[in-house]
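When you get a sec, could you build the whole thing from the sequences and use the hints?
Residue numbers (our numbering), protein chains in the order written: chain W, 1 to 297; chain P, 1001 to 1398.
Hint data in this document are derived by calculation from the structure and do not stem from the laboratory. Note that the structure is predicted; figures quoted are calculated from it, not measured. Glycine included, every Cβ here is placed at the ideal spot set by N, Cα and C. Heads up, a few of these hints could be off.
[Said to hold, decoys possible] To give an idea of the interface, some chain W residues facing chain P are shown, with a C-beta separation under 7 Å as derived from the structure: (1) I140; (2) G141; (3) C142; (4) A198.
[Unchecked claim] No farther apart than 27 Å at their CA atoms in a straight line, the calculated lysine-lysine pairs in the BS3-like style are these: (5) P:K1379 to W:K264; (6) W:K160 to P:K1118; (7) W:K164 to P:K1118.
[To be verified] Computed footprint of chain W on chain P, listed as stretches where at least three residues anywhere in the stretch have a Cβ under 8 Å from a Cβ of chain W: (8) 1011–1025; (9) 1031–1045; (10) 1196–1202; (11) 1230–1236; (12) 1273–1284; (13) 1308–1322.
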Amino acid sequence: MALDRRSLLRGLVTAGTAAASGQAVVSEAAVRVAPAPDTVGMLYDSTLCIGCKACVEACREANGLEADTAYFPGELYQAPVALSARAKNVIKLYREGEKTAFMKAQCMHCVDPACTSACMLGALKKREKGIVSYDASLCIGCRYCQMACPFGVPTFEWSKAAPKIVKCELCRHRLVEGRLPACVEVCPRQAVIYGTRALLLAEAKRRLAAHPDRYVPKVYGEHDGGGTQVLYLAAVPFEKLGLPELGTEPVPSTARTVQHGIYKGFVAPVALYAALGAVLFRNRRRAGPEAEEEEPS
Amino acid sequence: MTSQAQPVGGPLLTRPFKFLLALVGAMGLVVAWRAAAGLGATTALSDGYPWGLWIAFDVVTGTALACGGYAVALLVYILNKGRYHPLVRPALLTSALGYSMAGFSVLIDVGRPWLAWKLPIQVWNWNLNSILLEVALCIMAYTIVLWIELSPAFLEAGRQSARPRLRGFAERATPVMERLLLWIVALGMLLPTMHQSSLGTMMLLSGPRLHPFWNTPWLPLLFLVSCLAMGYAAVIFESTLSSHFFRRPRETRMLAALSGVMVWVLAAFGGFRLGELALRGELARLARLDRYALFFLAEIALVALPLLMLASRARRNDPRSLFQAALLLMLGGGLYRFDTYLVAFNPGDHWSYFPAVPELLFTLGIVAFEIVAYIFVVKKFPILRGQPPAPARAAAAA
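Okay, structure coming up:
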């Protein structure tokens, strides 16, 4: 087979056009999704939290989760150390010398979440009030949401033969009954409060202005990763509490820009298909039916 | 109209064949265990590492190694090297088997496979932002396309069947197939272009937790080129082994021409990776010589080495060097993809992953099944080119 490099390169270029054309638009600013006015969330103030973990137990009860006793095996004491299929909400302690700070981990309910961008059939989706909620009937169990979430929030029922994804859904089953999320309701210090994102953000900024000495001068989640609906105030840098530095672009924006750049209007694949078909057709006509016989042996 | 291909024939149940069947059996046990006890009992996966060996190797690396059909089809059909080119059918067979088994691995890996039917059916629920959805649909379609592309081989066997019904069907289906095949073949080039690049785009969503060596918006292009390179390497690998074990004529001349092209592809791939990293100002991180730097350097070495080997025309024409270069390249491309999905992914220091024994057994079983099925098909159906004429055979035996 004599191989002409030039014609091969031409072929490769045709094939690569789709992928390459996507790169041109990466620089385009992604369209930012503004949260709807009724979007709800929570504000957690690390300086008010005393680490009593009442919220951890209240969450378990409200969501009908099994007790996570792995940390104290054999004892009737639930003490989850990390988010898992048995804990949608945990309290962690940060300690450095004398200084301590508490951290509450649960779903951040991003304004523009990576998990909902990943999910094939929309099992994870922003539904009523902007809550990132889960519909098991649409979940194949692929776990791309777990790969996508920069906070490591979605968890999986590894021990079950018919597993589901487990994550905080802001107690949406309680909200429809007019009740507060369980963690908010039980908190003795109002370290975590519930409301619309707009109101919570205003409250967070009021606290920052009133006690500038008490806080790191930032509301985590205002812009981080495109904004989250669960907001944080703390006295120590947020990275130390396990909240990643994400920049202000929504986490899924790069992937989305590249993907939609390549597949905009499905033009590139259709054009490529037409081009491939045309080349094949031309080749077949030019070669004629006897082409098959003249194979070198 | 027939090709020059012939069934290899000969006994099927040889000793190595039985050994491979035992491995397939072990895989069957793992599947049963996983179905009964869940993924936690059978894998080392965790909430930190939700994707492990089965995705990173069986699917992401496996489908790239199964790109021989794609790579050779590009050459043969687009560059017009004859429809019954002797490399096409074996390459298509390896690809069809590779993609089918990748699909099977996914079904075992996902937690709720009984709902997978919804993916191609429930169009109204499609999330058009989901790159995985595109990959999943594309791979499903391509697997079907590959078997259709291969169907002339089965029809050819059918036309010679002793059963009149089967013969009649094959005779009626052949002209229809002849007419359709062009559009199927075009689809067979479009679909891998789409999903092999998208397999790269997919990891952009994990961007914040992906090491900068691998986290680049050029992932789709790098994945596309790597699958082409691995596809060619796989064709060389499979063709060399086939001519050795089944005593077929060597395709060295064709393979050498193929690898002349590969040199350019490899140089472009390696050069682009290093250049792009330099442009982003991340090259200095290599000096740390940490785990990431070592894996990255291994990838570059596994591209540079075959590149140097194939750059010499003399070595390209030597079947042994050619085979070695192909092997290195399969490793290098495989490592690049494996790294992007596993090594580069960092969910935090408190998580770790190393595949559990059942995971390894499953993957081993998948590979064994592919070999078993390949041997079965080439012995029963016209896939490989026929025996060489007598003088050539004598020369090969000498």
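Structure-based check of each hint:
Because the smallest distance between the Cβ of W:I140 and any Cβ of chain P comes to about 5 Å, under 7 Å, the interface hint for this residue holds. Interface restraint check for W:G141: the shortest CB-CB distance to chain P comes to about 2 Å, inside 7 Å, so the restraint holds. Nearest Cβ of chain P to the Cβ of W:C142: about 5 Å, under the 7 Å cut. The hint holds. The closest approach between the C-beta of W:A198 and any C-beta of chain P is roughly 26 Å, which is over the 7 Å cut-off, so the hint fails.
Under the criterion of a C-alpha separation no larger than 27 Å, the hint pairing P:K1379 with W:K264 is inconsistent with the structure, at around 46 Å. Proximity of W:K160 to P:K1118 is assessed by CA-CA distance (about 22 Å); at most 27 Å being required, the pair is judged to hold. Among the hinted pairs, W:K164 with P:K1118 is consistent with the structure: their alpha-carbon atoms are about 16 Å apart, no more than 27 Å. Coverage of the region 1011–1025 of chain P by chain W is violated in this model, with 0 residues showing a Cβ closer than 8 Å to a Cβ of that chain against a need of three.
With a threshold of 8 Å between beta carbons, the proposed coverage of the region 1031–1045 of chain P by chain W holds, since 8 of its residues qualify and at least three are required. Chain W is given as covering the region 1196–1202 of chain P, and this holds because 4 residues of the stretch bring a CB closer than 8 Å to a CB of that chain, at least three being needed. For the region 1230–1236 of chain P, the proposed coverage by chain W is not satisfied: 0 residues have a C-beta within less than 8 Å of a C-beta in that chain, short of the threshold of three. Counting residues of the region 1273–1284 of chain P whose CB falls under 8 Å from any CB of chain W gives 0; the rule of at least 3 is not met.
Counting residues of the region 1308–1322 of chain P whose CB falls under 8 Å from any CB of chain W gives 0; the rule of at least 3 is not met.
The structure is inconsistent with the numbered hints 4, 5, 8, 11, 12 and 13, although it conforms to all the rest.
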